[in-house]
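S.K.: Sequence:
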Amino acid sequence: MGAYEESYRRSLADPESFWLDAAAAISWTKPPTRALDDSAAPLYRWFPDGELNTSYNALDRHVEAGHGDRTALIYDSPVTGSTRSYTYAELRDQVAVFAGALKSLGVGAGDRVIVYLPMVPEAVVTMLACARLGAIHSVVFGGFAPKELAARIDDARPKVIVAASCGIEPTRIVEYLPIIEEALTLSEHRPERTIVLQREIAPAKLGERDLDWVALVADAQPADPVPVAATDPLYILYTSGTTGKPKGVVRDNGGHAVALAWSMRAVYDIHPGDVWWTASDVGWVVGHSYIVYAPLLIGATTVLYEGKPVGTPDAGAFWRVISEHRAKALFTAPTALRAIKKVDPDGTELVKYDLSGFRTLFLAGERLDPETYHWAHDKLGVPVVDHWWQTETGWPIAANPRGLEPLPTRPGSATVPLPGWDVRILDGDGVQQAPGEEGSIAIRLPLPPGALPTLWGDDQRYVDNYLSRYDGHYLTGDSGYLDADGYIFVMGRTDDVINVAGHRLSTGSMEAVLAAHPAVAECAVIGVHDSLKGQLPRGLVVLKAGVDIDESVLRDQLVAAVRRDIGPVAAFRDVSVVEALPKTRSGKILRKTMRGIADGRDEPVPSTIEDPAVLEALRPILRG
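My numbering puts the first residue of the sequence shown at 15, with every later residue one more than the last.
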């Protein structure tokens, strides 16, 4: 039995001993004697009698172990033209002082702090300072719309907001304080103070309730780490809710620390002193888990990047960062690779940089189409690892466990379920599907440590949204299948399965066919209403840079390819060439929004959109 198979089997058969063993990698003020508390099932809790401080585990213990001079954080900001590094001792000291500043404003254990910052070191400092005090941080993506920020203020009811004067995009400056002020006029709750980090490019005029970061810190005394229960919340991270009210995903302290530390070694093969780069934003779960907490928990070096995959300044930006900082691995979204591939399909920028220390590319956030997989594998010459997880789960459900036992990769697959995740493929009646049969992906309870224990202030909503569809299971909302070897293939959200004349078809399968065409950089397929067949697929494709092909010729080739690979039952005939696809700031294509527009609904512009102009340009095409 291989290391993976043995670990997976043991994690499901004896989760108590498996996770208590994993908990030994964490420093506890009160070590847990129990792993799982199922007394309030289906609301499970992990390490119920344990006590710790997450900030201490991320910083102080490494300093105390003699590693204070090791680099903890590298800040690389092409939008400002600056780079800075922080040792573990330096970062620990800054966090302690800012925790003292928050403490001087009355922030303590259990209080909430909203973090409204761009990708700057102070964002990391703020998150860890909250954790140091036992306060609960809620990071809201910098520049998020006032209405969405107001909803999060009213739900979390923070004592303090920590913000910057602005965020810097490649083509514009986004001033944050006017957004905050508008949000506060919309919200019922009013935080006591807003701490403002002034940025030289666009400093803000401070109001009566605003405090300057530098001045506040200058008078602050360092604060010691406050021990909290393992089951106490570390943070709240909001994800979109179907009712319009955002869902506050809660992450606990103990299970989170144990799972993330385990995953860095077992999944990503990252160890103390390794340089690890996650090209995401702290506003998303990927930024929480794998920019801030996981790499610092194990004593690695983490890269904080304030830039884009292209345009800051070119399509070689990612390769420069890897080369300059000697990153062992990169974690990013497939859309970032597609953006690079579109501008530089031949990889001419790649050859300018020394990537000899680069070992693995990890991709997640949306489905990795086989075409992008092959492009990245061929150009980089390293394993390309697709893996799958969600805001709610906090760490990967399925991946290639590179540190535990590297497994062969398969294009289109996120490899295998990781220890702790009892993945099942169920049909509409809850019957488990045979290998190769597509269905709804569910996870048998209990979820492992690190997954959400509930939603902020609303246990019933958690049960209703995630646990009610299939008894004893968590509903992921994704569809897919397991093959005969246990490899998982995630085809997309269950609402991306369309029904064409009674045939249930995956739009992800059609997208894989379109993406394989040599002229196509990226694509999306949506299901639109049809009075005869119920739904019909509509394709949207973006061409690679420099491609010259007649649109009608391309359309005929793509239609023929779908007919060949999926079959005539797909009734795929409608495909348009577009300049760009609308995406969220985290890189997910807004398929649901496009589907609503195509069906004639007056779809609003989502608050998470990266560039509203892209969606507006598509409206007439979608409605045509």
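Honestly, the hints are just simulated from the structure, not real lab data. Misleading hints may appear alongside valid ones.
Claimed, not checked - Listed below are the simulated DSS-like cross-link pairs for lysine-lysine, each with C-alpha atoms no more than 27 Å apart in a straight line:
(1) Lys161 <-> Lys547
(2) Lys117 <-> Lys322
(3) Lys356 <-> Lys558
(4) Lys219 <-> Lys173
(5) Lys322 <-> Lys606
(6) Lys602 <-> Lys322
(7) Lys259 <-> Lys606
(8) Lys161 <-> Lys606
(9) Lys219 <-> Lys259
(10) Lys117 <-> Lys259
(11) Lys161 <-> Lys322
(12) Lys602 <-> Lys558
(13) Lys117 <-> Lys173
(14) Lys366 <-> Lys393
(15) Lys356 <-> Lys219
(16) Lys558 <-> Lys366
(17) Lys259 <-> Lys356
(18) Lys547 <-> Lys356
(19) Lys606 <-> Lys547
(20) Lys259 <-> Lys547
(21) Lys558 <-> Lys606
(22) Lys393 <-> Lys356
(23) Lys558 <-> Lys393
(24) Lys547 <-> Lys393
(25) Lys322 <-> Lys356
(26) Lys161 <-> Lys259
Quick caveat, the model's predicted, so the values are computed rather than measured.
S.K.: Please go over all the hints and tell whether each is borne out by the structure.
M.R.: Outcome of the hint check:
no.	hint	result
1	Lys161 <-> Lys547	violated (39 Å)
2	Lys117 <-> Lys322	violated (35 Å)
3	Lys356 <-> Lys558	holds (4 Å)
4	Lys219 <-> Lys173	holds (21 Å)
5	Lys322 <-> Lys606	holds (25 Å)
6	Lys602 <-> Lys322	holds (15 Å)
7	Lys259 <-> Lys606	holds (17 Å)
8	Lys161 <-> Lys606	holds (21 Å)
9	Lys219 <-> Lys259	violated (32 Å)
10	Lys117 <-> Lys259	violated (31 Å)
11	Lys161 <-> Lys322	holds (26 Å)
12	Lys602 <-> Lys558	holds (19 Å)
13	Lys117 <-> Lys173	holds (11 Å)
14	Lys366 <-> Lys393	holds (13 Å)
15	Lys356 <-> Lys219	violated (41 Å)
16	Lys558 <-> Lys366	holds (21 Å)
17	Lys259 <-> Lys356	violated (36 Å)
18	Lys547 <-> Lys356	violated (35 Å)
19	Lys606 <-> Lys547	holds (20 Å)
20	Lys259 <-> Lys547	violated (34 Å)
21	Lys558 <-> Lys606	holds (24 Å)
22	Lys393 <-> Lys356	holds (14 Å)
23	Lys558 <-> Lys393	holds (16 Å)
24	Lys547 <-> Lys393	violated (42 Å)
25	Lys322 <-> Lys356	holds (14 Å)
26	Lys161 <-> Lys259	holds (11 Å)
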